[in-house]
Amino acid sequence: MPSPIIRIDTITKAYGPLTVLDGLSMEVMPGEKLALIGPSGSGKTTILRILMTLEKINGGHIEVEGQQLYHMEKAGGLVDADERHLQKMREKIGMVFQHFNLFPHKCVLDNITLAPMLTKGVARAVAEKRAMELLEMVGMADKAKSMPAQLSGGQKQRVAIARALALSPKIMLFDEVTSALDPELVEEVLNVMRKLAAETDMTMLLVTHEMGFAHDFADRVLFFDRGKIVEQGKPDDIFRNPKQERTQAFLRKIIAAGHRV
Amino acid sequence: MEWDWAFVWQIMPTLLEGLKITIIATVLGAIVAAVFGMVLAIARRSSNRLVSRSVGFAADFIRGTPLLVQLYFIFYVLPDIGIRLSPLTAGVIGLGIHYGTYAAEVYRAGIDNVPRGQWEAARAANLSMRQSWIHVVLPQAIPPMIPALANYFIAMFKETPLLSAITVLELMNQAKSIANSNYRYIEPITMVGVFFLVISLISVVALRWLEERYARVDER
Chain A
19 MPSPIIRIDT ITKAYGPLTV LDGLSMEVMP GEKLALIGPS GSGKTTILRI
69 LMTLEKINGG HIEVEGQQLY HMEKAGGLVD ADERHLQKMR EKIGMVFQHF
119 NLFPHKCVLD NITLAPMLTK GVARAVAEKR AMELLEMVGM ADKAKSMPAQ
169 LSGGQKQRVA IARALALSPK IMLFDEVTSA LDPELVEEVL NVMRKLAAET
219 DMTMLLVTHE MGFAHDFADR VLFFDRGKIV EQGKPDDIFR NPKQERTQAF
269 LRKIIAAGHR V
Chain B
13 MEWDWAFVWQ IMPTLLEGLK ITIIATVLGA IVAAVFGMVL AIARRSSNRL
63 VSRSVGFAAD FIRGTPLLVQ LYFIFYVLPD IGIRLSPLTA GVIGLGIHYG
113 TYAAEVYRAG IDNVPRGQWE AARAANLSMR QSWIHVVLPQ AIPPMIPALA
163 NYFIAMFKET PLLSAITVLE LMNQAKSIAN SNYRYIEPIT MVGVFFLVIS
213 LISVVALRWL EERYARVDER
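Here the protein sequences line up with chains A and B, keeping their order.
Just so we're aligned, residue 19 is where the first sequence starts under our numbering, counting upward by one.
Just so we're aligned, residue 13 is where the second sequence starts under our numbering, counting upward by one.
Honestly, I wouldn't trust all of these hints.
[What the hints assert, rightly or not] Reference excerpt, derived from the structure (chain A facing chain B, CB under 7 angstroms, subset only): (1) L72; (2) E109; (3) H117; (4) N119; (5) F121; (6) T137; (7) Q168.
[Said to hold, decoys possible] Calculated from the model, a selection of chain A residues having no Cβ within reach of chain B, i.e. all distances over 10 angstroms: (8) E91; (9) M113; (10) A182; (11) K246.
Please keep in mind that the hints were generated in silico from the structure rather than gathered at the bench.
For glycine and all other residues, C-beta sits at the position ideal for the given N, C-alpha and C.
Same shape as in the complex, but just chain A (with noise of 0.2 angstroms):
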C-alpha cells in the first residue's frame, strides 16, 4: 500500500467571520483523478488555492509527499514554514486557473518558458524545445509566436496547461478551467485533460461544474458542502447512486439546468 501523495489534516480556513473550511480532513493517492463537485461556496476552489499555496490555512496541517506544506521542522517542533521552504513545496504542484491569468506581455512560447527558466535555471534552447513538445500535446504548436490577445478562451487554455506542465509538477490543480469558457470550445480543453490524464501518472484535483466529464475522468468523486465533504465514492455511486439527501439535491439542480450527468 503506498501512503499518500496529499494528507489534509483538519484544516480550518475562515476569510473573517466567514468559515469556509472547517476541520476538513482528506488523502489523496499518488497518481488519482479526483472530482471536487458542489455548490458556489463550499470551500471546493479553496482547497486547490490552499494546495497551491495562494491562501494561508488558519490552523491544521497539510502534507505533500510526506513533507509540511504550511510548516517546517524546526528544534524539534513546527514553526510556520518560510517563503523558502513554500517555493519548494511549490514545485510539486501546478495549476491551472478558471481565467486563464496567461502573462499578456509574452507570447505563447514565452509563456511556457519563463518559469522553467527562472526557477529552475534551464537553457532557453531546452526550455523552448520542451515548450514546443508541450504545445504539440495540447495542439498549439502553430500559435507559439502568438500573443494571448490573439487566441480564443479555449486556446488561452490549453496554453495555461502546457504552461503548468512545463514546471513538471508531481499534483496538478484545476479550477474550473471550462467555466470561462463559451459552450463550443468547452470540448477542445476537455479533449486535452483526457489525453493528460491517460498518458501520465500525475495526480490531479479538478475543481468542476461539468458532471460528465467528472464522471469519465475521475478515479473519485467528493461532493462538498459548506467546508465539508458530505459524501465521496467511485463516480458511478456518486452520481447514480447517491446516498446523501444534499448530494441528491445538488445533482437533481444540476441536471435540472441542463447539464448531462
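Dock chain B against chain A, hints included.
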C-alpha cells in the same frame, strides 16, 4: 517700447546657458522623482501598517505644501542643521521629492491595475516575489503609466523657474539678471516664454505619441 532684435541676439548665449541648466534640472529632477516615487509606492504597499501609514502621511504632507516653500526649506533652512547643498542640487532634490509623491500615485494606480490573477499565476509558476515583480507585474504596470508620468514631467519642466528663488542660474534667473542690468524686460522675458512654449509643444506632441503607443489597455 520697441522690440530690439540686436539685443535678442546679444543676450541669446546667456539665455541658452540658462536653458541648459533648466533642462539639466528637469531631467535630473525627473530621475529623482521616478526613483523616489517607486520607493514611496512600494513602501505604501508594505504590510507593516506603521510603514505604510507614515509614508502615506509624509506624501500627503509634501503634496499639500507649495514647492516654493519646500525649495526655501531645503536651501535656506537645512544649512542651519549643517546640510549645505549647492543651488542646483537643492533644486533637483526639491523637484524630485515633490514630483516623486505624484509619481508614486501613478505607480500605485498602475500596480493596482494588474489583476490579482497575474500575481497568482506567477506564484503558481513558482516565481519568487522579486521575479514576479520584474517579469510579470511591472512589465504590465509600467506602459499604461507612461502618459501620466510624461504629463508630470512637462508640468515639472514648467515649474523650474521656481528654482530662481534659490539662486539656480536657470533660464528665468538668467533672463531676470539680464533685464535688471539692462533695464529691458520685454526681450528676455518674452524669449523665456518662447523657449518654454517651444519645448512644451514638442513635449505635447511626444506625449500624444506615447498615449497612442502605451495607453491602450490590452485585453487580459
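Would you check whether the claim that A182(A) is not at the interface survives, using Cβ distances to chain B and the 10 angstroms cut-off? Non-interface label on A182(A) violated, nearest chain B Cβ at 7 angstroms vs cutoff 10 angstroms.
Per the CB criterion, is T137(A) less than 7 angstroms away from chain B? Result: holds, 5 angstroms to nearest chain B Cβ.
Closer than 7 angstroms between Cβ atoms is the bar; does N119(A) clear it against chain B? Give me holds or violated. N119(A) check passes; min Cβ-Cβ to chain B is 4 angstroms, inside 7 angstroms.
Can you verify the interface hint for E109(A): is its Cβ closer than 7 angstroms to any Cβ in chain B? holds, 6 angstroms
Non-interface claim for M113(A) versus chain B (Cβ beyond 10 angstroms): Not fine: 4 angstroms to the nearest Cβ puts M113(A) too close to chain B.
Interface hint outcome for Q168(A) [beta carbon to chain B under 7 angstroms]: violated, 9 angstroms
Non-interface claim for K246(A) versus chain B (Cβ beyond 10 angstroms): holds, 25 angstroms
E91(A): least C-beta distance to chain B exceeds 10 angstroms? At roughly 22 angstroms from the nearest Cβ of chain B, E91(A) sits farther out than 10 angstroms, so the non-interface label holds.
Using the nearest Cβ pair, does L72(A) come within less than 7 angstroms of chain B? holds, 5 angstroms
Hint check: 7 angstroms Cβ-Cβ cutoff, F121(A) to chain B: F121(A) check passes; min Cβ-Cβ to chain B is 6 angstroms, inside 7 angstroms.
Hint H117(A) vs chain B: min CB-CB distance below 7 angstroms? At 6 angstroms from the nearest chain B Cβ, H117(A) passes the 7 angstroms test, so the hint holds.
In the structure shown, a violation is registered for the earlier hints numbered 7, 9, 10, in ascending order.
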